[in-house]
Every structure is written in structure tokens, then in C-alpha cells.
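Visitor: Chains as they are written, first to last, in UniProt numbering: chain A, 1 to 473; chain B, 1 to 473.
Simulated from the structure, these hints should not be mistaken for laboratory data. The reader is advised that the hints may include incorrect statements.
No distinction is drawn between identical chains; accordingly, a pair holds when it is met within one copy or between any pair of copies.
Straight-line distance between alpha carbons at most 20 Å, and here's what the computed SDA-like set of lysine to any residue pairs gives [stated by the list, open to error]:
{"id": "1", "residue 1": "K444", "residue 2": "E177"}
{"id": "2", "residue 1": "K347", "residue 2": "Y407"}
{"id": "3", "residue 1": "K444", "residue 2": "L178"}
{"id": "4", "residue 1": "K347", "residue 2": "A414"}
{"id": "5", "residue 1": "K444", "residue 2": "A294"}
{"id": "6", "residue 1": "K444", "residue 2": "G176"}
{"id": "7", "residue 1": "K347", "residue 2": "T412"}
{"id": "8", "residue 1": "K347", "residue 2": "L135"}
{"id": "9", "residue 1": "K444", "residue 2": "R423"}
{"id": "10", "residue 1": "K347", "residue 2": "P366"}
{"id": "11", "residue 1": "K405", "residue 2": "R370"}
{"id": "12", "residue 1": "K347", "residue 2": "H420"}
Number of protein chains: 2
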Amino acid sequence: MNHAEFLTACRDLLGRDHVLTEHTDTGAYLTDQRKRYVGHALAVLRPADAAQTAALVRLCVAYGVPMVPQGGNTGLAGGATPDTSGRQVVISLRRLDRIRQVDADNLTLTAEAGCLLANVQVAAAAAERLFPLSLAAEGSCTIGGNLATNAGGTAVLRYGNARELCLGLEVVTPQGELWDGLRGLRKDNTGYDLRDLFIGAEGTLGLITAATLKLFAQPAARMTALAALDSPADALALLNLAQRMAGPLLTGFELMSDFCLQLVAQVFTSQRYPFSQPYAQSVLLELSDNESEAHARELLERILNAAIEQGIVRDAIVANSLAQSNALWHLRESIPLAQSARGLNIKHDIAVPVSQVPAFIAATDPIVQRIAPGARMVTFGHLGDGNLHYNVMAPDGIDPAAFLKQYQTPVTTAVHDSVHAHRGTISAEHGLGQFKRDASAHYKSPVEIALMRALKSAFDPLGLMNPGKVLPD
Amino acid sequence: MNHAEFLTACRDLLGRDHVLTEHTDTGAYLTDQRKRYVGHALAVLRPADAAQTAALVRLCVAYGVPMVPQGGNTGLAGGATPDTSGRQVVISLRRLDRIRQVDADNLTLTAEAGCLLANVQVAAAAAERLFPLSLAAEGSCTIGGNLATNAGGTAVLRYGNARELCLGLEVVTPQGELWDGLRGLRKDNTGYDLRDLFIGAEGTLGLITAATLKLFAQPAARMTALAALDSPADALALLNLAQRMAGPLLTGFELMSDFCLQLVAQVFTSQRYPFSQPYAQSVLLELSDNESEAHARELLERILNAAIEQGIVRDAIVANSLAQSNALWHLRESIPLAQSARGLNIKHDIAVPVSQVPAFIAATDPIVQRIAPGARMVTFGHLGDGNLHYNVMAPDGIDPAAFLKQYQTPVTTAVHDSVHAHRGTISAEHGLGQFKRDASAHYKSPVEIALMRALKSAFDPLGLMNPGKVLPD
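Chain A with its partners taken away, still in its complex shape (with noise of 0.2 Å):
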């Protein structure tokens, strides 16, 4: 190939302002969120839209270039970074950042992939509704990058993954064709399910320009209550209770060791250990109501007195205001934060059925202790979904970093190996990217294996979209 003639092309294409090459330009494209790979690339390619990428597609095609889509690069499996090979384009999809339509009456958004998921979310409330995928990086992450990674976040047990929440897809395909999938339909058995295989694909099967999302009526309230449990088992029994009780009302329930509520409060000291005396575990939970607060509150205030009546519930704090919910959110919250600033952790992104949750803990716990004696654990969550940040911590006293390099593969692959024994996943909201992509194929059947690789062969025969993501080589 002929990379002057090439990067001719693609200036010609795009002006030269948005064909970076200089390292100072593209360096903040070619590493992950995380530093963990840090990638070169032949030019960093930004088009303006979904034509225009189309274009540029083709140009890779008929040049032969590995393209690496990326949006708001802060996804956690390295899924959006380079190889090192400095062959390959990144085509990020940040310009194309228009909401193209909200339809209020549709309960309907259509956002280009570069937009970012707060300017979403800000657009669905412009017109009194709410678009409700929320989660950590959601200032700088994009919707395109949220639907390539179907990232999940804390309304999931309400509103679903990312998948759950589009209706419909503008694509460009490995061949550089303009699908438009752009529907606003809740209903459309007309063929195969192109959106869901796109969503989740991370890039690798074609390239999300735009997306129909779905919207929902705002509601007039969110209240909060933190509850004290004596175990995992308790947690899931309270979870059966809210759920018969406040039905679709339950938007959120983390679960939170009592290690992790000591750990905020020794490193935030603003932060206080919530209860008068310790528990061995935390739930917080979440009504979203479209009546009142008043109505949330009495009903959160039930739900709770019946549960320590029953003998679930040890202690528990009902917010009296939206302020008092936004804090016990941040005890939350503060959590991966207090983790971080006592060093690195060996994290792991795992789901298992809920009604495993409780048998994964007590498997895995003595596992990880045989082979990291007096690693501290740190396990949190959204219970609601099975999905625990299970996360290892060195003992006391230990160097972190050290820690990490010892036992880092040896925890995670009994770790992994346990949510395997309990039908669970090893990435249940982040993706493989190249990080997870082999030890996933480990897991997986050599049938879903063979699957995957034909799907991948059937939409880009050339290999040349998002290589050496997914799936293993």
C-alpha cells in the first residue's frame, strides 16, 4: 500500500484539519481509558458524517487499511485502541455529534454516535422525557460507543442494558454502505435482528453513525433508602420483597460490603460509616415514581418495615429529601474512588444469575484467600442484575503494585473459573475488547465460537474492521 497516496485520499476527503498524524494530535486517540495498551496508528480519522465516514470506509477498503472505530475512548477493555503495528486507521466518530430528531410523542431520540451520553440525556429531558442509561463516564463517553459496548450502568434492572434502549441503527458497513435501520417502531418483525448484532459487536462487524433511542415519561420522583443486612442471602431475600412490592417502581439495588462502606469512610472522612454499628452488608435502593415523593417515600418506608419484621432488615435510612438520596448515591459511588486512592485492585466485572449471588460469594471468597492469603475483598454491585464488581485488594500492608503483579493472573483465572461453574460471565458490562478476548473464547463453546467467527466473516470477509477485537485471532 501506498500510505502518502492514501493519506492524499483521505485529506482530500475530509480536509486536512481532521487527518491527524502528528503525535501530539493523536496521542490522547491511541491509549485506553485504563493505560493499559497503548497503540500507533497510520492517522487518526475524524469525518464529519455518516456519508462522509461511508466514503472514508471504502477509501480504507480499496487501500487496504484496518480501521478501529472509536467514540468517547473511555472503554475498559481497550476495545477502541490500536494495534501496534502503526498500520491501522482510528476513525473516530465524535464530529458526527447532531441530535438529529426527538419525536416526545414517539418516546424516541435520534442522536449521531459521537454524542455524548450527557447531551442525550440532556436533549430527552429539553423535552420532558428521560433517557435513561446513566453511568460514571457519562461526560465524556458517546452513545455510539454505549451501543457498541451495550454498557449497562445502575438503571439497568428498570430500563435495561444499552440494547434494551434502541430501537434503531444507521450503520456503515465493512464495505463502506450506508444501511439506514433508523426505526422508531416497537414493534417490526420484518427479518433478522441487524440492530442487536450490531449492539455489542464493539466495532467489529460495521460502524454505528446514529441510533433511534427509546425515551420514557420523566418521573415526579427518585427516593432512596440505604438498608443493614446480615448477608448476601438477606439481600437477595429483600430484593424478592421490593420487587413484589414496588413492582417496575425499583429502579436501582446495590449491594455493598461492609468493608466497602469502612474503606469510603477511611478515605473520604466527610463520609461517615452510615449505621450506628457495623453490618456485614448494605443495599441501597431506588423507587422511581411517577406520583409523588411522598408516595415513594411511604412506599420505600413499607417495603422496609416489612422487611424487619420478617427479620431481612437489621437497620435502615429512608431519604426525606432528594439531597439525602443524592448522598447515600455517593457513599455509593465513592466506592471504586476509595479503592483507587489505596492503590490498584484485581477488578473483575462479573455476572451470575441473582439467585446465585449469594453461593458465588461464599465459593469464591475462600478461593481467592487460598491463594492470596489476607486479600481484602471488595465486593459491590448491582445486585438487581446479578452483577457484582467482585475486586481484590491487597492485605494490609502490602504494596499494591506488587500485589497485582503476583497474583493478579492467578486470582482472576479462579475467579473467572467460579463464574463459570455458576452460569455466570466474565464481562458482564464493559465488553471483551483485546483485553477479555481470549479468556472469554475460553469459556465459550467451540459451537458459539464458530458462530461468531461465520457472522464475522459474512459482514467483513476482509478482516478489516476493529481486527483482533472480540475474537481471538
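Add chain B to chain A, keeping to what the hints say.
Guide: Coordinates of chain B only, in the frame set by chain A:
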């Protein structure tokens, strides 16, 4: 191919009783529900379980025999009827009828493909859980067929289609391999979404043998109301208001024109017109409430009072009991029966964006009248999903069969053109099968058809799995 040898091998595998070749035995499997298609088959084959199904598929592949998977044979698009060549076999999944597991704490149930939908509902209820998929054929359709066609029904507004109610699948591939994708996980981001590819593919990409389904907490009460309105636009405004005030408690929102209710009252003398005077449109609203019947009724009354104050609703009836709720639903369910009693109709199972329903009706009614003057419009359906059963009945005094013969093609073409212009779908719930296969291909873009063909070739290169369905040959 040696037919006799193939049939002998089938008998060896399944036992003589489960290889049906006599017309007295096979007849019921060879005609579709609407008696639009009558096929012939080499045999109807009835495997006992998933392993036997996989072995059977391998046998068909070895002998080059095309396969037509079939569940309850209640489909409305001829997707489960073989062609007339007599060279295909029907594989009936009805004997795979075990509920394999109910995991109440995980809110999941694993059922084999041949389970009747009603039996799945019953198994969920026995565990004090709800499986919300519900449709007219539930006593005879199977869950495998529901998934293969991505069935809709009356609770889609709240719970989604069959697709949204499925977490995992077990599938026999067109090569006769068994894929165990029976995951009970709310989050799993490890590769391509094979599940959603098989769902809605009408058996053309593989053969579903079991599914892990989502359950929900049983609501404490269901409560129904009927509102009288002047126009579809007012119905849309009521939908907005009800979604804002009731959020996810709103589980049903059915539009019925005055003509529909008049027709029911004429045909079924026990079903009187519900209001003291005629109104252009009626809407049936249903709430599912996890608190109490009293709470649901009070909320419905509040919604309807607000709508009356805003001039959206003219009159309203709120059910006082479950019996009265059922009576209101009975009105809605009697519409297709009343239609049938008056002879054949030109039926359309279409959807447009919810916001486009008033404009679609306003634009399409006059087009139909120009083609078939005096035709009577039987317009009703799931307004909350944008899904209308937009049916056309012969003018008073005209023979329905003669009307159908003369007008079916021009009327349906015009209705579908209008649907397409409103960015809608010509098959909302029923799928394509053989019936709408060509019409659907007419409206889809070449890019989409090419992607669908690439999928079909990748999964079923020999073209033996339900050939001639979904995609034109």
C-alpha cells in the same frame, strides 16, 4: 436421494410412531392456521428432545432434505408450512414440552420449545411469578414458535415483545450442532448477540429447542378503564398523560374506533355499546399495580379526571372489579370475532411510530376509499406500540368474498405504501413467512437484503433450514 433409506433412518432414530407419512396423520401439520397454504411433506418428524432434534437435523443434512420447523402451527404468515414439492420434512417440536427449571429468585424459567405458552404462564404462576407474554392463541401456540416469530400481544407496552422476554436460547444449528446459550443473565457482554439473531428468524437460521425466559413479580391488581374520545389525536394525548402519571404501571392501551364497537354490539347482542351515545374513538387502558386494586382504581380515576378536564376525554368507565375489567377486555377481544362473523376482511398487521398514528389514519382512509368506495374501516389495535390492525371490510350489502377477491391486492399495496411513507412496518407482530416475504423485500433497502442474505448463507450455506421463508429465493 433415497427416500426409503432416509425414512428408515428417521424411524431408527425417533421410533416408528414419530415418523408420520400417512395423510390422515400429517394433514393437520400441512395447512396453516388461516388455511392460506396447503403443503406436502415427505414426512412429519417428531423428535423427543434436543439431542434427538440435533441428530435428526444431521440426518436431514446427510440426505439433503429441507426442513420446516413447526411449533403449535398457529402462525399467521405461513412460516411453518412446507412447500408443495413433497420433498421437505416438517420437524414438529411439540414433544419437547418440559419446563426444565423455574428459578424464582432469578426471575427466570427455562422451557423447551414445544411448551404451550399457556403452560409457561401456569408454571410461572405456580412459582408466584408472572410470565407476561399473552396472545389469543396462547392455549395452542408454543413458546418456541413465539420466539421464532418474535410474538407481540397485548402487554408489549410494558413488557416488550417475545424478544425482550428471553434471556437465553438452546438452538440446533442448520449443521445439527447443539448451541447451549441458555443463560439466565441480565448482563452479558461477551460477543455477538446470537440469541436475538435466532429470535424472529422464523426457523431459517436454526431451530430453537429451549429458552430461558424472564419472569416478573406478580402484580397485586390489574384494573381497566374505557375512555371515549373524539379522535386518534386525542387518544395520543391520553397516552402521553397516562404514561406521565402512571409510568410503567400502564400495561395496556388499546384504540378502538366507533365502528368496531358498533360491530361488536350488532354481532353479539350480549355486548352492548358501552357509552350512552356514540364517540368516534374509544381507548381501553389497563394498569398493573403492585400495591392494591384500590390504588390502581384511584390512579386510573385521577388520570381520566385530568384528561376530562383537559378536554381530551369525553366520557369514561372505570372497572369496579376484576370481573368488570375482564368485561371491558372482552369488548376489545370480540372485535376480530365480530369481523369474522361478518365474513372475510382485508387484514393488515402494521405499525408506525406512535406519533404518526393519527396522520397515518387520516392519510390512508381516503386512499382506501378511492380504491374501494364504501369499504368499512375496522381500525383497532395496540396504540401504545403504534401497532394497528388496520382492516378493511366490504361495503354494506357487498359479498365479502367477492370484495376480497377484487380489492385485496390494490388495497393492501396502497396501505403498505402508506405505512412505508410513514416509516412504518408491514409486519408488526406476525412475521413474514411465505405470506409477506416478497412484499417486505420490496420495501427494504438493497443493503439490508444483502446483509440478511449474508447471514443466511453464513449460517445455512446448504439452504436446508426452512427455505423460502423470510427471504425471497
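Visitor: Take the hints in turn and mark each one as holding or not.
Guide: The hints, checked one at a time:
no. : hint           : in the structure
1   : K444 with E177 : between (32 Å within a copy, 15 Å between copies)
2   : K347 with Y407 : within (12 Å within a copy, 65 Å between copies)
3   : K444 with L178 : between (32 Å within a copy, 13 Å between copies)
4   : K347 with A414 : within (13 Å within a copy, 58 Å between copies)
5   : K444 with A294 : neither (48 Å within a copy, 50 Å between copies)
6   : K444 with G176 : between (31 Å within a copy, 18 Å between copies)
7   : K347 with T412 : within (8 Å within a copy, 57 Å between copies)
8   : K347 with L135 : within (17 Å within a copy, 45 Å between copies)
9   : K444 with R423 : within (11 Å within a copy, 39 Å between copies)
10  : K347 with P366 : within (17 Å within a copy, 63 Å between copies)
11  : K405 with R370 : within (17 Å within a copy, 77 Å between copies)
12  : K347 with H420 : within (16 Å within a copy, 49 Å between copies)
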